[in-house]
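Asker: Listed below, chain by chain, are the residues.
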Amino acid sequence: MTLDITIYAFIAIGCFFNLMATIGLHRFPDFYTRLHAATKCSTFGSIFLVLAVIIHSLRAWVIEGLSSPQSVLSIHAFIALIALLVTNPTGAHAIARAGYRSGVKPVQAVIDDLEGKEYD
Amino acid sequence: MPFLVGLVSAFIFYLLLTTSSGNLFLWSKAELITGAIFALTVGAVTTKLAAEKGFRILTPMRWFLFFAYSVGPFFWAMAKANVDIVYRVITGRINPGIVKISPNLKTDIGLTLLANSITLTPGTLTVDVDEETNDLYIHWINVRKETLEKMPRDYRDICGTLPDWARRLAG
Amino acid sequence: MIWLSVAVFLAICITIALVRVFLGPTVPDRIVGLDTVNSIVVVSMVILGSAFQEVVLIDVAIVYALLSFVTTLFIAKYVEKGQF
Chain Z
45 MTLDITIYAF
55 IAIGCFFNLM
65 ATIGLHRFPD
75 FYTRLHAATK
85 CSTFGSIFLV
95 LAVIIHSLRA
105 WVIEGLSSPQ
115 SVLSIHAFIA
125 LIALLVTNPT
135 GAHAIARAGY
145 RSGVKPVQAV
155 IDDLEGKEYD
Chain Y
992 MPFLVGLVSA
1002 FIFYLLLTTS
1012 SGNLFLWSKA
1022 ELITGAIFAL
1032 TVGAVTTKLA
1042 AEKGFRILTP
1052 MRWFLFFAYS
1062 VGPFFWAMAK
1072 ANVDIVYRVI
1082 TGRINPGIVK
1092 ISPNLKTDIG
1102 LTLLANSITL
1112 TPGTLTVDVD
1122 EETNDLYIHW
1132 INVRKETLEK
1142 MPRDYRDICG
1152 TLPDWARRLA
1162 G
Chain C
8 MIWLSVAVFL
18 AICITIALVR
28 VFLGPTVPDR
38 IVGLDTVNSI
48 VVVSMVILGS
58 AFQEVVLIDV
68 AIVYALLSFV
78 TTLFIAKYVE
88 KGQF
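Protein chains in written order, with the working numbering: chain Z, 45 to 164; chain Y, 992 to 1162; chain C, 8 to 91.
Chain Z extracted, bound-state conformation (with noise of 0.2 Å):
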């Protein structure tokens, strides 16, 4: 019972985070802060999805028994959150430094240090 309330607690988070991730690249006005609101709150909605599914076949799996093919599951679930929790951030720099590179400054900026930076 307890369980099945913070199954759906996690289900609602992730799904709001997720949610407020699409409306940021509409609300934003520059690409840089879009990718904030794109990276950080995809990665937290989808934690909370993907923890949502471990819950959810981990209580099938100590219901079913050892043998049950439910560990299969949870445990491939974590293993592809640690994947997207690896990869996500890691192309956000990448897309933020090729940005930079072709030419898109910060719209409204108050300061920018990397301006006049010699690439090599």
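Keep in mind the hints are simulated off the structure, nothing from the lab. Even glycine gets a Cβ: it sits at the ideal position worked out from N, Cα and C. Do not take every clue at face value.
[Claimed, not checked] With a cut-off of at most 30 Å between alpha-carbon atoms, the simulated DSSO-like pairs for lysine-lysine come out as follows:
| # | chain 1 | residue 1 | chain 2 | residue 2 |
| --- | --- | --- | --- | --- |
| 1 | C | Lys88 | Y | Lys1097 |
| 2 | C | Lys88 | Z | Lys149 |
| 3 | Y | Lys1071 | Z | Lys149 |
| 4 | Y | Lys1091 | C | Lys84 |
| 5 | Z | Lys149 | Y | Lys1091 |
| 6 | Y | Lys1136 | Y | Lys1091 |
| 7 | Y | Lys1039 | Y | Lys1071 |
| 8 | C | Lys84 | Y | Lys1097 |
| 9 | Y | Lys1091 | C | Lys88 |
| 10 | Y | Lys1136 | Z | Lys149 |
| 11 | C | Lys84 | Z | Lys149 |
| 12 | Y | Lys1071 | Y | Lys1136 |
| 13 | Y | Lys1039 | Y | Lys1097 |
| 14 | Y | Lys1091 | Y | Lys1071 |
[Claimed, not checked] Among chain C residues calculated to face chain Z with C-beta under 8 Å, some are:
| # | residue |
| --- | --- |
| 15 | Ala18 |
| 16 | Cys20 |
| 17 | Ile38 |
| 18 | Val39 |
| 19 | Ser46 |
| 20 | Val49 |
| 21 | Ile54 |
| 22 | Val62 |
| 23 | Glu87 |
| 24 | Gln90 |
Position chains Y and C relative to chain Z; hints supplied.
Answerer: Okay, now just chains Y and C, sitting in the frame of chain Z:
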């Protein structure tokens, strides 16, 4: 020692991927033998690599610290970051800028860890890295005036204690 | 049942992000939209795997996450240099 770490971690990873395949606890005999062969190969190949690069992060104490870091301060900072971003998505209040910080990290793996942590924590996003001096250029969504006045910028104002953690984890 | 409704919700999110891919004034804007779509697709594959009790879908999600990361890196490199 690097050989043993590579072997054990590869074997554990293989076992995780093939659970519930048989009746020896969770695995079948064929999977255990195949996993052992693959783990030996991976351990033999990565020994040279780990010895060359000097991966000091591959010690059990650092793994434990890394786990404590990722569920403790890192997750808390991430939760704060997301509430902050949701607030800015709804109100549209931003004050962006790109600032430079010097975290004084020596190893590449520490810098990678710090850059990934910075991207997922409040209001900051790594844009570029200076490979000679190990400086990071950070896009900051809400620039504070006080931080801009001091010229060697204090990283504690921008990203908290994350650089100290990265130094402790990976030198 | 709950998993299927979550999958439908994520499909709506993907549609909203795709609008940014079509609109985006600059090329990096489009890549950001694409990256968001990729990470939501990975999550929805995990969710569908749980809904249909199919482990294969989650294996596909792992491979998709790693491959989409490589794709993002290559597109970023192309945008940065103008060539591969």
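Asker: With a cut-off of 8 Å on the beta carbons, see whether Gln90 of chain C makes it to chain Z.
Answerer: violated (12 Å)
Asker: Is the hint on Ile38 of chain C kept, meaning its closest Cβ partner in chain Z is under 8 Å away?
Answerer: holds (5 Å)
Asker: Given the proposed pairing of Lys88 of chain C with Lys149 of chain Z, does the C-alpha separation stay at or below 30 Å?
Answerer: holds (17 Å)
Asker: Does Lys1091 of chain Y lie within 30 Å of Lys1136 of chain Y when you go C-alpha to C-alpha?
Answerer: holds (15 Å)
Asker: Have a go at the Cys20 of chain C hint: is there a Cβ in chain Z nearer than 8 Å to its own Cβ?
Answerer: holds (5 Å)
Asker: Holds or violated: Lys88 of chain C with Lys1097 of chain Y, Cα cutoff 30 Å?
Answerer: holds (28 Å)
Asker: At a threshold of 8 Å, is the proposed contact between Val49 of chain C and chain Z supported by beta-carbon distances?
Answerer: holds (6 Å)
Asker: Given the hinted pair Lys84 of chain C and Lys149 of chain Z, is their Cα-Cα distance within 30 Å?
Answerer: holds (18 Å)
Asker: Against chain Z, run the beta carbon of Val62 of chain C and see if the smallest gap drops under 8 Å.
Answerer: Holds, because the Cβ-Cβ distance from Val62 of chain C to chain Z comes to roughly 5 Å (cut-off 8 Å).
Asker: Does the nearest C-beta of chain Z fall within a distance shorter than 8 Å of the C-beta of Val39 of chain C?
Answerer: holds (5 Å)
Asker: Has the given pair, Lys1071 of chain Y with Lys149 of chain Z, been kept, meaning a C-alpha gap of at most 30 Å?
Answerer: holds (27 Å)
Asker: Is Lys84 of chain C within 30 Å of Lys1097 of chain Y, Cα to Cα?
Answerer: holds (26 Å)
Hint check: violations occur at hints 7, 15 and 24; the rest are consistent with the structure.
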